[in-house]
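Undergrad: Sequence:
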Amino acid sequence: MVLGTALLSAAALVAACSGPPRTGSDASTVQLSADTPPAKGELDSFTWATYAEPPTLDYTQAFDYPQNTVLANVCESLMRWTPQLTLAPGLAEKATNPDPTTWVYDLRSGVHFHDGSTMTADDVVFSLGRQTDPANAAAWAQVFQNVDTITSTGPLQVTVKLKQPDSQFPQYMATAAGVVAARAGVEAAGKDYGTTGSLDCTGPFKLGSWAKGQSIELDRFDDYWGAKAKSKKAVFRFLTDPSARTNAMLTGEVDGGYLIPTESYDRLRGSGAGTLYFGEGLSTVNLNVTSMRGPLGDLRVRQALSLALDRSGFVKTGLAGAGSVTGSLTTRAAWAGAPEDARKAAFAHLTPTAPDLDRAKALVKEAGAEGKTITVATSTIGQDVSLLATAVQAAGAKIGLDVRLRTIAPNAFTALFTDPKAREGLDMFPETYYDSITDPLDLLVNFRTGAYQNFAGYSDKAYDELVDRATAEYDPAKRAAIEAELQRTASEQLLWLPVAEWPTAVFLNKRVTGAPTTISYLYQPWAAAVGAAR
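Quick note, the numbering used here runs 109 ahead of the 1-based positions in the sequence shown.
Some clues are possibly wrong.
Here are the simulated DSSO-like cross-link-like pairs (lysine-lysine), alpha carbons at most 30 Å apart as the crow flies [unchecked claim]:
#1 K337 to K619
#2 K321 to K530
#3 K272 to K425
#4 K300 to K270
#5 K587 to K530
#6 K425 to K507
#7 K570 to K272
#8 K474 to K507
#9 K425 to K341
#10 K453 to K481
#11 K474 to K453
#12 K474 to K203
#13 K587 to K453
#14 K342 to K149
#15 K321 to K300
FYI, nobody ran anything at the bench for these hints, they're computed from the structure.
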């Protein structure tokens, strides 16, 4: 983002944040598109498949695919992603930056919550405040680490004062971190907020019925401030078994879904039942190191495991060829707005991706780790997870490590990101990390001391200082140069093991169309655009 000399409007933000290529990408071997064909008519309802049930729809905990896929259609944020992954106005029609430590959000007038009340600045202050309350243990608390105060400076104006300049904060206001809900409704629900009753938000759909373990139904909100949803109802079915999910799409039991099981790509493509689309995912498949107390605490062991890993084989089988091997933790698309010299620096010193078993064995022996046990999580969520875990086990066996797999149920897999107890006894787990903003710092900040996803507890003062410098730098060119240094350190230390870039996949049967193909669906009301295909 570019900091203007005076004011930076929401319109300027859209122009300044460069999105990824619209078609094609270095991140994938498949052709990418930003959208599916627009709908030609309305629907009474459509049904969508998700791989797991959200544990809650409280926006402060919306940190994984199941929650955000549903929530993005019910609750809206101050800013919004577009299908092209650029920043656009949301509930705030304008965002201005009068000085480096002040952001002013002018709100839309006449926006109604699902209970019929009208949105005010007080609701925004309250909603953002919930993210900073330690009692809520918000997944987005890190976004607010530089926030000093959030105050109402007018009936429809909120001013955020920062402790220091923060280039990331205004970008995150397009994610669940920037969600606005009705204060009265949230307070009335108390501890039950997000699991029962209304979510009291402003989106084109409102929460209808929630049949625990089966489905969530959303009903069209006819008093929505924007374009009305094309379907009267959106039904999300929880289908944890990948085969069941695929069969439901083929038979028409569900109309579509994101996060398509990779083993089903060819089957869906050739079925004639609909179309499989691919879009920019801003996603890398990694092995997240969760403990430095065991063998992985030795860099040489991490290097050895990385050198023994068959990334090409995993992309071919685990991702069905719809991806590309990478030694980078960040996607190339995340650097689309960076100057060429910064991009070159960021990708100049990456983790080697070609297997080198001789070197790997030597490193294990040098570290005295022969026969040591490493425990890796696996799951039946999809073969992208299970086959990567198996690939790690195979790699370990080739170089003298005893890699053991622990199976995690699909509904429990999301707890690995939020619950330290769920990670107890694990040394690593496969993670498809998606950027929530189009800035490499979104991922690289995870290795700062105390960061939310710094599960292994890595701590380096020099790295922390670079993160702080990048965060405070509004000039995108200068920030990218610092981020390139961070990428080099993360690659050298192998804090996570990078494996592949992976695009977003979405399947739509012949009855429906209109869903975006990019990962923008996590932070914009994508279901409102889904309608009749003919």
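Undergrad: Hint by hint, note whether the structure agrees.
TA: We went through each hint and held it up to the structure:
1. K337 to K619: holds, 22 Å
2. K321 to K530: Holds, at about 24 Å.
3. K272 to K425: Judged against 30 Å, a Cα distance of about 47 Å means the pair is violated.
4. K300 to K270: With a Cα-Cα distance of about 29 Å, the restraint between K300 and K270 holds, given a limit of 30 Å.
5. K587 to K530: violated, 39 Å
6. K425 to K507: holds, 20 Å
7. K570 to K272: Given that 30 Å is the threshold and the Cα spacing comes to 20 Å, the pair holds.
8. K474 to K507: holds, 13 Å
9. K425 to K341: With Cα atoms ~40 Å apart, K425 and K341 exceed 30 Å; violated.
10. K453 to K481: The hint is violated at about 38 Å.
11. K474 to K453: Distance ~34 Å between K474 and K453 Cα, so the pair is violated.
12. K474 to K203: violated, 59 Å
13. K587 to K453: Distance ~14 Å between K587 and K453 Cα, so the pair holds.
14. K342 to K149: holds, 17 Å
15. K321 to K300: Given that 30 Å is the threshold and the Cα spacing comes to 18 Å, the pair holds.
Comparing the model with each numbered hint stated earlier shows that hints 3, 5, 9, 10, 11 and 12 do not hold.
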